[in-house]
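J.: Given the structure of chain A, go ahead and fit chain B onto it with the hints provided.
The listed protein sequences correspond, in order, to chains A and B. Positions 1 to 818 (full-length UniProt numbering) are the ones given, in order, by the first sequence. Positions 1 to 818 (full-length UniProt numbering) are the ones given, in order, by the second sequence.
Incorrect hints may have been included.
Intra- or inter-copy, both count: the list cannot distinguish identical chains.
[Said to hold, decoys possible] Here are the simulated lysine-lysine pairs, DSSO-like style, with alpha carbons at most 30 Å apart:
(1) LYS42 <-> LYS808
(2) LYS42 <-> LYS173
(3) LYS722 <-> LYS290
(4) LYS42 <-> LYS798
FYI, nobody ran anything at the bench for these hints, they're computed from the structure.
There are 2 protein chains.
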Amino acid sequence: MSNGGGAASSTTHLLDFLEEPIPGVGTYDDFHTIDWVREKCKDRERHRKINSKKKESAWEFTKSLYDAWSGWLVVTLTGLASGALAGLIDIAADWMNDLKEGVCLSAMWFNHEQCCWTSNETTFAERDKCPQWKSWAELILGQAEGPGSYIMNYFMYIYWALSFAFLAVCLVKVFAPYACGSGIPEIKTILSGFIIRGYLGKWTLMIKTITLVLAVASGLSLGKEGPLVHVACCCGNIFSYLFPKYSKNEAKKREVLSAASAAGVSVAFGAPIGGVLFSLEEVSYYFPLKTLWRSFFAALVAAFVLRSINPFGNSRLVLFYVEYHTPWYLFELIPFILLGVFGGLWGAFFIRANIAWCRRRKSTRFGKYPLILHLNCIMPPRCLDLWLTSNRLSVNPAGLGVVSDYVYSVYVFSSLTVLSLFAGKYPVLEVILVAAITAVVAFPNPYTRQNTSELIKELFTDCGPLESSQLCKYRSQMNGSTAFTDNPNQPAGPGVYSAMWQLCLALIFKIIMTIFTFGLKVPSGLFIPSMAIGAIAGRIVGIAMEQLAYYHHDWFLFKEWCEVGADCITPGLYAMVGAAACLGGVTRMTVSLVVIVFELTGGLEYIVPLMAAVMTSKWVGDAFGREGIYEAHIRLNGYPFLDAKEEFTHTTLARDVMRPRSSDPPLAVLTQDDLTVEELQGIINETSYNGFPVIVSKESQRLVGFALRRDITIAIENARRKQEGIMFNSRVYFTQHAPTLPADSPRPLKLRSILDMSPFTVTDHTPMEIVVDIFRKLGLRQCLVTHNGNVLGIITKKNILEHLEELKQQTKPLSDGI
Amino acid sequence: MSNGGGAASSTTHLLDFLEEPIPGVGTYDDFHTIDWVREKCKDRERHRKINSKKKESAWEFTKSLYDAWSGWLVVTLTGLASGALAGLIDIAADWMNDLKEGVCLSAMWFNHEQCCWTSNETTFAERDKCPQWKSWAELILGQAEGPGSYIMNYFMYIYWALSFAFLAVCLVKVFAPYACGSGIPEIKTILSGFIIRGYLGKWTLMIKTITLVLAVASGLSLGKEGPLVHVACCCGNIFSYLFPKYSKNEAKKREVLSAASAAGVSVAFGAPIGGVLFSLEEVSYYFPLKTLWRSFFAALVAAFVLRSINPFGNSRLVLFYVEYHTPWYLFELIPFILLGVFGGLWGAFFIRANIAWCRRRKSTRFGKYPLILHLNCIMPPRCLDLWLTSNRLSVNPAGLGVVSDYVYSVYVFSSLTVLSLFAGKYPVLEVILVAAITAVVAFPNPYTRQNTSELIKELFTDCGPLESSQLCKYRSQMNGSTAFTDNPNQPAGPGVYSAMWQLCLALIFKIIMTIFTFGLKVPSGLFIPSMAIGAIAGRIVGIAMEQLAYYHHDWFLFKEWCEVGADCITPGLYAMVGAAACLGGVTRMTVSLVVIVFELTGGLEYIVPLMAAVMTSKWVGDAFGREGIYEAHIRLNGYPFLDAKEEFTHTTLARDVMRPRSSDPPLAVLTQDDLTVEELQGIINETSYNGFPVIVSKESQRLVGFALRRDITIAIENARRKQEGIMFNSRVYFTQHAPTLPADSPRPLKLRSILDMSPFTVTDHTPMEIVVDIFRKLGLRQCLVTHNGNVLGIITKKNILEHLEELKQQTKPLSDGI
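One chain only, chain A, in its complex shape (with noise of 0.2 Å):
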């Protein structure tokens, strides 16, 4: 107890703190770590002050109420917004997807669906063919069948489709570069305390909007709802500008945007608590009760709005919303978990190649491929032939008009050159090329023609008399003939059989462009193809299953529980568990993912086979490494998070960590007052540290304090301009009182109110494991490392990251080699 202490300086460091604030002092760089506990110090404080003035006077009253509410304030109005925008997208990207296929003469603002709802003349069976809607063939053709009209359509489609995509891209590249990507990895790092500045901008917001639309529409595999959670948490952030409770300050302000992530998710799936759960177990890093009170009214909210405003016409939220009606067997639970194991492993093998991908986009930059490709197509003819052939197996047989022919090449051409010259680095060619090489390969396949969402909603529709789609054409087994029905669990039809190739292609062919399309510089969500890859590969499953059921009926397994004829496999919900395990392999999500998944259904029957199903996937996932896709772009990116998820299983102690190491430099110190002011600068111009333990003195190096490299500087600045007297050799003390200086010093600088008086320390010998546990638990941005009450060293979040890979570099060769 050398200086200071005792009860008399309790006062006298509340009025330190009453002293009139340094302006800019505790506020962060961009791309730098908040520190967690200093914020909600500060939210406390001001919440205090509020408090204590609230008796003063009816305004004071008012305000404090409005302080109070503005939480469910704010919450209410980033839901609002965000069911809004996710109507609005709905609305928008279902109609320019149509406007792939044709337009509404009627009302060129109807989509193809409701372009035919006003027509009168349909049947139930024809629903999706009525005069007021022309394919662009028979718009501009004139004719509606035949092989010239069907490139036509071919051709628009992929016109279409290139259009949209460079619309997109040129959209991000221009105005928001954040705006890219499903926003996910960066949402998960700036909520556990980064700083990334516009990224949750309103310039982000709108570009993301937009070109969210525009990407979906542009046919490419990818889908909105990871970006609809970054345009949720960009409502959340700018509505907290309007509250000073939450812009001017960063711990409160991720509340908001948990709040808005939930709200986000809820929206995406029309699953309010989903999203809620989906926040806590994915997203968020602090997550207080009252955040989750606050996130569960978000996702309500939103999830209202966006059915009041029905964006498909069937009074749910999302388009691929079922119901079944038929329990399942316990046998079923054995093909479920191989669809478990088949997400686990989709899920490792996407993370491994879209990872490596990303890599090597990021050091190559395209290098040398867009020149061979332009010039490959300088010679139209020969590039259209080369395409055309490799994709006319599953074209239907026909010629090609010349007319056509050159129109696209030319087409494709000068579009190339165009935009090899205007873009000029060539993120936005590859984004072309995608779109282009998806497009071609899409259209002659139904199943990856039509928007993704509704071949997820067609896969998990059970088959019944409304049903159209191929899938259900089985034969009617009642008189032998070869007469076909809707009836399921009956001997499959050709229409069966064809669907069953054309979904085996579109599997792959989602596969493949899932892999090389997450990471384009468009707005790109992984869950939707995620999605269809497992609800393809379920309906398969579920498809051999119930022909396996048909003709062995008299099995041990079927004999149980299937009658002849009776509906006993649900080829449906064996798409939705694949589904759910294919995005579980992915995401690496469990209950938040069965918990969404459970809110498409309703039913609580169905929540063992997807449980079984995720659990398997995770584990086989886990298996080959333990990151989820966005961990894995997170670490691709280096941001600085620090995973709440892994556990740290290593015997390093406080010391092996903390910098300076033996072999650096000793630490960089201040003593508390024996600086002079141009001693303390040169020590900040000397280091990069971002700041300082304090200490009694050279000799003894018990620790005072610590004070920010940002809060010096910018106090002696301020002191410079407003303080008179100070020189390069005023003496700087961090003490409570001056020390006793000689008659002909200047004036000395006090410096104690930008000294953190309650540093975190932890001992040289503490384990790493605990020393990680409390940076994650409290959030915090360094902690200084003591021995017997000396200063040893600092251990910062970044040397604690660093530390972690180093960790992970040495144990690599052993977990490869599961």
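T.: Just chain B now, with coordinates in the frame of chain A:
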């Protein structure tokens, strides 16, 4: 850096770890707090050992696999057991509940419903009446109708109720005192890191299961939902003893208990997701994601088992599952919010009244009441007369048979005498009294006589053609006559009016009795009575709204939404909203409650009304006091529970809370190398601290580490027994190397292995809000306070709780004034 330090000691430190551990070190006494950090470190150490061994042999590899899967195994077992026990309890309680009314002649073990299933003669309308089922009057007096048989039934009802209650309380008192109450406050405390040995043991499990059935069947105003959580936690605890990973680690064991409590709620309400959220929001303290997954799994398994048992014969998990088919309208939010206000008021009132009563019970122990009652009942006819006159108004007007009068009075007299003699203490008498009053008052009113779950079901269910309830006797308005119809949204018939009166009486009765029942020495849950109160209030409001809409269908509100004769108000929905609001007011749960009720209805549709009511109820309740009933009971019982929900808003610093206070004697510290065994024991005997800081020397108070009292005592004992040459004047040292001693001194005792080298420290200037945060998030037991590296004092969890209590007392006049 005076001693040790440097890289060399790292290996020696590890060697210390490998020294044989002293048995008993690292365990806890009963009613002590665990150290989460230490427990987690222990578990990681164990994990590392297994991991390093697993490559040695196939056997070790199998062991490591078993270890990795034991977590899933134990939650599976817990889920299975909880589901099975819940099914058992449901079936047994149902049977015994019907025993109060009569008996099934064809098969004694059938309850009323099952008895009449086997009968073929009954029509649907009279499904409750069948020749096999005999009421007690029929059986004993041979007549089913008439005043005599009414009295006989009344008497037998009371007889069974008292017998069940008596048996229950005696079993609890004699075999397992911990089996009483709901158990949730204690489980919350245990999960926060407190040790109560035997609270979750096999005796408690057995007795709680049996007495829960008895208590529910006795007709007391209590539910089985809370105790089911206790039962599930007992299962979890018992199964965790099969796995050393969980039995030997208090922190890991609590993970299992969290999962078990989720399973408990899952079977209590048939709501697996709600159960997980309940565990997360209400019960758990430390809830890592792994626990989330396992909780979900346990909840699912339990629900699955219960559904396989199918105790209610409706393939649902709970009796009161409902489905609504009509939507709600925006203006209905007004009555829903009013129900929320009612729920909040009821909750606040209930908590105050119940706590006041429990405090009285604790302090007076029913000092003089039993004698007065006893004397009163010595004169049986008078006493009986008194009771009957007070109840006759609501009884069918009827005379009394002399025989039953006599039997009745003898019974009351003798049972009370036996009780007072046998029990000796008054809890038993209190239970009997409350049970007697409940039974006497409950019988005449059909809504209180029936099982509370059945009542809730009846109130939740909408009127339809299949409903035979009084509540659905509407007047048909088609022909204008007084013919009755079961179609709602009609003028209410006399059946509805009389039902309304009875419901009002039931409401008052339930409100009063629940206050006195919760806290009795029998297993007693609060969920069902609270829900019943809310459901009654809600149904009353619902019917009122319905009649309002009928008679004023030209009001602008109703005009827009309600057509005449259409189904626009659903009174059952009001009952459900009211139930959620009341339960929310009492427990202050929000999200988990909404999810539980959502799972009961299975419709996203009704989440907004529920949310509105539940949030209103929480806000209204919080205005009168922020504690829920469980926190209030925790505080009443003085458990060391640091609530994670309440925010610390004061400006005190660590030095204001730390011990020793300025008036106290200085802190008892140990020096690292100059104490003798005798001195050490002296310090231990003179003080009652649980642990002591170890410092460098008397001169320099710099902190080296922390040693626990229990560990020191055990270590000295152990050294005396095992190590030769340890005398009273042996030097004790905590350093790495033995100090240099005079030649003739006895062998020194090295205690470094029990020294915690990484104690948590905060500076004296640390705001208490940060300290509280650290304690909560890291689960600390104590924390040392330093100033400039010197030890100043210590803060324990108890100190913090005392400090919080002090602050509460100071601010009480203010907050009470709101």
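J.: Reference check for the pair LYS722 and LYS290, CA-CA at most 30 Å: within, between, both, or neither?
T.: neither (42 Å within a copy, 55 Å between copies)
J.: Go through the copies and call it for LYS42 and LYS173: within, between, both or neither, with a Cα cutoff of 30 Å.
T.: Close neither inside one copy (38 Å) nor across copies (52 Å); limit 30 Å.
J.: For LYS42 vs LYS798, is the C-alpha pair at or below 30 Å within one copy, between two copies, both, or neither?
T.: both (24 Å within a copy, 27 Å between copies)
J.: At 30 Å max between alpha carbons, let me know whether LYS42 reaches LYS808 within a copy, between copies, both or neither.
T.: between (37 Å within a copy, 22 Å between copies)
Checked against the numbered hints given earlier, the structure breaks hints 2 and 3 and satisfies all the rest.
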